[in-house]
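Line by line, the protein sequences are chains A and B.
Going by my numbering, the first sequence opens with residue 306, and the numbers climb by one from there.
Going by my numbering, the second sequence opens with residue 37, and the numbers climb by one from there.
Any given hint could turn out to be false.
To be verified - Distance windows between CB atoms, simulated:
#, chain 1, residue 1, chain 2, residue 2, range
1, B, Leu-61, A, Tyr-368, 38 to 44 Å
2, A, Leu-357, B, Pro-144, 40 to 46 Å
3, A, Pro-349, B, Pro-215, 28 to 34 Å
4, A, Ile-323, B, Gln-155, 29 to 35 Å
5, B, Ala-218, A, Ile-323, 52 to 58 Å
6, B, Phe-274, A, Ile-341, 23 to 29 Å
7, A, Phe-374, B, Phe-51, 36 to 42 Å
8, B, Ile-221, A, Leu-345, 29 to 35 Å
9, A, Tyr-368, B, Thr-140, 18 to 24 Å
What the hints assert, rightly or not - Calculated from the model, a selection of chain A residues having no Cβ within reach of chain B, i.e. all distances over 10 Å:
#, residue
10, Phe-335
11, Ser-339
12, Ile-341
13, Asp-342
14, Arg-343
15, Lys-346
16, Thr-347
17, Pro-349
18, Trp-350
19, Leu-356
20, Leu-357
21, Ala-361
22, Leu-369
23, Leu-370
24, Phe-374
Quick caveat, the hints were computed from the structure, so don't treat them as lab data.
We put the beta carbon where it would ideally sit given N, CA and C, even for glycine.
Single-letter residue listing:
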Amino acid sequence: MKQDQNRPLRAFALVGTIGVEMATSVIFGFWAGSAIDRWLKTEPWFMLIGLLFGLALGVYGLYLLVKQFFGE
Amino acid sequence: MEHYSPTFKALGMTFDIPVMLMSVLASILVLILVTISTRNMTTGVPRGMQNFFEWVIDFVRGIAGQFMDAKTGTKFVTLGITLFLYIFISNQMGVLANFNVTYTEPNPSLGITQEVINQHGHAVTHDGHTVKEVTVSWFKSPTASPSVTFGLALMVLLYAHYLGIKKSPGKYVKHWFEPSPAMFILHVMEEFIIKPLTLPLRLFGNIFAGEVLIAFLLAGSAAAVSIPLVIWLGYSVFVGSIQAYIFTTLTLVYISQKVVDDH
């Protein structure tokens, strides 16, 4: 019963979480990659690697989170 | 429109006076609320405020129950209630009241010196002569300041790591390398960069955006902004409640990732 009461709120929580988690990871990857590029003058390679790494990080972070939410 | 926030420097840090006052006020409000709701408690049929508080406890217990078993969850209900009430009340403070004080004369005891007025004030003409004035928003949500939300998140995340280490140091070390050692770098990034950024930024961003739009609407003419303002205030109350719920939920998720065995 308690689970049912919380279901809409859990949906809100997940929606509010997914966007921020994904965006932060990708922006962080992009920023870190660009910083390495500026340092080593290798534009744009580390930026691309960082971007992909950020995507992977976002997906993995969400996987860990969603696993807790639907952890049966 | 632009609000100045009086600050003072001590020990190499800058302290924002309105934010400090508001975070203390939020704690006092929570204390008063909890004291009123738990006074004259009865073990029989609860009446009045006791009903409310029992609902809050049930609600937080329900959140904890989603992520851990009842026995482990009960240990963190107190933390959950504290966080939920503090963030909920903090979020609503800036919505329900938005007091601004305008200074044209220096008031050094409040951090408004002549220098501040000259630097941050904007010129306004009163009765033919021009004065510089500074607007200070004394009453606002403490959670609309990144320092408060980053502080809350840091406490919660450090506590989660502490619980993980205390429960079983071996398992704590091992979980960094699960499911494969290649995941170590992802875990480090997730724990030390993404979590400490997303948890506070989500709360800060939502509440700050709400306050900025409220301040913006209040600056407009009554005829044009009254309807949007009412809608936006209602929405801000909703956002404030949801954000309090999300912060509490994620806190318990992060704790459960460290103390529950099945991962």
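Check each numbered hint from earlier against the structure, then list the numbers of those it violates in ascending order. Per hint list: 2, 4, 5, 6, 8, 9, 21, 22, 23 and 24 violated.
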